[in-house]
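As you go down the protein sequences, you meet chains A and B in turn.
According to the numbering used here, the stretch in the first sequence is residues 1427 to 1537, in order.
According to the numbering used here, the stretch in the second sequence is residues 43 to 156, in order.
To be clear, the hints were calculated from the coordinates, so they are not data collected in a lab.
Idealized CB from N, CA, C, for every residue including glycine.
One thing to keep in mind: the hints can contain errors.
What the hints assert, rightly or not - From the structure, some residues in chain A lie toward chain B, with a derived Cβ separation under 10 Å:
(1) Gly-1480
(2) Cys-1515
(3) Val-1526
(4) Gln-1529
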Amino acid sequence: QKEVEQDPGPLSVPEGAIVSLNCTYSNSAFQYFMWYRQYSRKGPELLMYTYSSGNKEDGRFTAQVDKSSKYISLFIRDSQPSDSATYLCAMEAQGAQKLVFGQGTRLTINP
Amino acid sequence: NAGVTQTPKFQVLKTGQSMTLQCAQDMNHNSMYWYRQDPGMGLRLIYYSASEGTTDKGEVPNGYNVSRLNKREFSLRLESAAPSQTSVYFCASSEEGGAWETQYFGPGTRLLVL
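Let the hints inform the model, and build the full structure from the sequences given.
The following block contains the structure:
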């Protein structure tokens, strides 16, 4: 069983929809949670970062962490075609110096 | 300021051939990483270097070697390529390697082993 599980999709939604992307994990030592966005044929770039449990909002993006359920989510409001990309969750335990990535979810926003 | 650069962008090898993937960063970062990305597997860490002069194995190190040539450069070598090493390889760097830090990724090298 992978430490981090992410539904690979693909996920296709109309422009303006609310998108929910999710990851589950098994390692209770994970404390740092990130979402990376990867456009086609590019390297990933950090989108959101959350420490421990709770919510974090940045514009149209909201990241949620529920450590009791070992579940993290990324919500995208008012989705735009420019949001079309692969979204990867990533996690790290304190002092581990290594990120563990999910498989990535390919998202397409249709105009 | 180019960030993280990787060469080559694309390479085709025959089974058994060797090659070195090059990575350089101009952000004065201490930590550097090599990942591979395969369909359905996400990014998997091959090796990392927490600082100049140190390297450590990641999740999938078999069949690879690395060299942290200096603070800027971190190379990945395939001594005898196998079809299972067909993948997209990404180099990344971060300031100190702390969990709270952003990792900056290069554009990737697409490798096909026949």
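For each hint, the structure was consulted:
1. Using the Cβ-Cβ criterion of 10 Å, the hint placing A:Gly-1480 at the interface with chain B is not satisfied: the shortest such distance is roughly 15 Å.
2. Interface hint at A:Cys-1515: satisfied, since its Cβ lies 9 Å from the closest Cβ of chain B, which is below the 10 Å cut-off.
3. Satisfaction of the interface hint for A:Val-1526 is found here, the shortest Cβ-Cβ separation to chain B being roughly 8 Å, below the 10 Å cut-off.
4. Checking A:Gln-1529 against chain B: minimum C-beta separation of about 4 Å stays under 10 Å; hint holds.
Checked against the numbered hints given earlier, this structure breaks only hint 1.
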